[in-house]
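There are 2 protein chains.
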Amino acid sequence: MSQTIARSILLNARPEGWPKEGDFRMAAQTLPDPGPGEVLLQSLWLSLDPYMRGRMNAGASYAPGVELGAPLPCEAVARVLKSADPGFAPGDIVVVHDFWRDHMLRRGRDLRKLDPVLAPVQTALGVMGMPGLTAYAGLRHIGKPRAGETVVVAAASGAVGALVGQIAKLGGARVVGVAGGAEKCGYVARDLGFDACIDRHDPQMAGQLAAACPNGIDVYFELVGGAVWSAVLPLLNPFARVPVCGTIAGYNDMGPPLGPDQSPALMRSVLTKSLTLRGFIVSEFAVDAPEFRDQMGQWLAAGQVRYREDVRAGLDQMIPAFVAMLAGRNFGKTLIHLAD
Amino acid sequence: MSQTIARSILLNARPEGWPKEGDFRMAAQTLPDPGPGEVLLQSLWLSLDPYMRGRMNAGASYAPGVELGAPLPCEAVARVLKSADPGFAPGDIVVVHDFWRDHMLRRGRDLRKLDPVLAPVQTALGVMGMPGLTAYAGLRHIGKPRAGETVVVAAASGAVGALVGQIAKLGGARVVGVAGGAEKCGYVARDLGFDACIDRHDPQMAGQLAAACPNGIDVYFELVGGAVWSAVLPLLNPFARVPVCGTIAGYNDMGPPLGPDQSPALMRSVLTKSLTLRGFIVSEFAVDAPEFRDQMGQWLAAGQVRYREDVRAGLDQMIPAFVAMLAGRNFGKTLIHLAD
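Residue numbers (this note's numbering), protein chains in the order written: chain A, 3 to 342; chain B, 3 to 342.
Same shape as in the complex, but just chain A (with noise of 0.2 Å):
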């Protein structure tokens, strides 16, 4: 019988504001082989995305917050090391609901094998994965654009929006992205293909996406809040639909902005416009997975999407990853690389 390591990041304190080193630790835990029906993986990359942030909290986010000391949770793609389950064998590839760590023992059941040869398997992490789904079920079952409406999307560069306006762009909508900075706006207008793209940093921001969105906006794909929303509200067109599904300009703020309080506002336009404002967590469509994986797949094939990771190396970089995913100082999916 042989022993493995596993080192965890553990959620040593709960952030004030912005995450900081001292707001974690790392442990370490010896993992005994695998029991029946059990598997001992590797971690091979692991995902960073922005909804951890909230479950950094004591309050509950989408679910209970995580508990002091307790590690934090990502997907992850896997190598099994050692298998006692039949299902799987040394050397297979899995993606995996797990934790910021670098190896653990899981049952077979909750592990979903990757064919290497179809995908990179990190794609099952990104484009193939959770946030490719929550672009594609976001869109299909909120969203619902149709040829010739408009779609807006913020983060446009990133791991989810790039992909909402292409699968809008494939179903004949004009797509228009918001994104950080010139070189990111390049990538998105370029090489995905969106419409036009505007730099959240320009001054003249709300300006700008008015003059892209001529004809109004239809689906605004809210990733993420603040000034981006308030400079789409007024182009919404009525029954404009919002699936709601980050909103990561906040997520650090300790407390509400100063005044005057817009929620009024909001509210009248809601009414006013007969709009939809729906917010979804992705586990709700986990049924149309396998449509979903089936469908980029071919996409993915035909060239017809395209994708972008920001990759560190190590779990010492999570930390500082993370920091710089949640303040757009990625560039495409944040994933962090353990081994090969």
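It is possible that some hints are incorrect.
Heads up, the list lumps identical chains together, so a pair's fine if it works in one copy or across two of them.
To be verified - Derived lysine-lysine pairs resembling DSSO-like cross-links, with alpha carbons at most 30 Å apart:
id : residue 1 : residue 2
1  : K171      : K146
2  : K146      : K275
3  : K115      : K84
4  : K22       : K275
Bear in mind the hints are in silico, worked out from the structure with no lab data behind them. Computed from a prediction, not measured in an experiment: that's the story for all the values here.
Using the hints provided, position chain B relative to the given structure of chain A.
Same frame as chain A, now just chain B:
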């Protein structure tokens, strides 16, 4: 050829805050006999509804604002005096989307004939009319309460709120109202059969609402906004539905309330609780009107739905009755009675 004098109330100035008498003026106009296809009508009942406040502003609400010097819109029940449309005869009673005035010339095709034997004709302005369809369609298409779920509605003794609660109750929901004062609350709980009714003037309103909704709130039918909405939001369950049909508490506000700005927190609640906020105007669901009238007629005949009217007599009562309604000093559907 005879002539008829029509008296109208025109918009004289855009109200700043609460409407006052000087914002309106009376005008008289001579109406000729009806031409081919036309009908001369005498208004018997005029309807006052909160949405009219928005039409007095310059900016678009549901529809563009009323022009200065133009008459104000309302639904009316009227009697045919003379007809040059073969479908109508003197003495017929009709309902028509018209204006604040006592006589009018209209095309026959704009009128819907009422049967005075089926129900008191003024119910075409309330329980059998626009407010009734608003409650019915808003629940049917947006609120979608299931048996055992909790439905909350404010202005619960008013034209729409009273019907929202009774219709939801007929569908098996638990129904909690909010109304202004002990008399209205007693009526809502006792006469209308709501499970509970909370007094919005009570300083403990939020706590009482929470106590009356031990399983949270699944549907909040929004007519009011303001403090009631603030009390409802924390109680909404995951996947709660909020048909947004009015925000009367803010209709006379001259600017946004003081801060802090609660709109980011509102969007975060939409996200983390997977809420649906959906604004609507009853005209969207006009296709449901025949089915609605059949169903409501049956409920009324069976004594399963009750209603209450707040009647004032004479065109000169329009303004004070309208202001009283906006302030919640009406008790039931607000009607102006002009002739028997």
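Exercise. For the identical chains here, do K146 and K275 meet the 30 Å Cα criterion within one copy, between copies, both, or neither?
Worked result: Close inside one copy (17 Å) and across copies (21 Å); limit 30 Å.
For this session: Indicate which option fits the pair K22, K275 if close means a Cα-Cα distance not exceeding 30 Å: within, between, both or neither.
Result: between (42 Å within a copy, 28 Å between copies)
Problem set entry | Same-copy or cross-copy closeness of K171 to K146 [CA-CA at most 30 Å] | For K171 and K146, only the intra-copy Cα distance (12 Å) is at most 30 Å; the inter-copy one is 32 Å.
For this session: Could you figure out if K115 and K84 sit no more than 30 Å apart (CA to CA) within one copy, between two copies, both or neither?
Result: Only inside one copy: K115 and K84 sit 15 Å apart there, 80 Å across copies, limit 30 Å.
The structure fails none of the hints (numbered hints given earlier).
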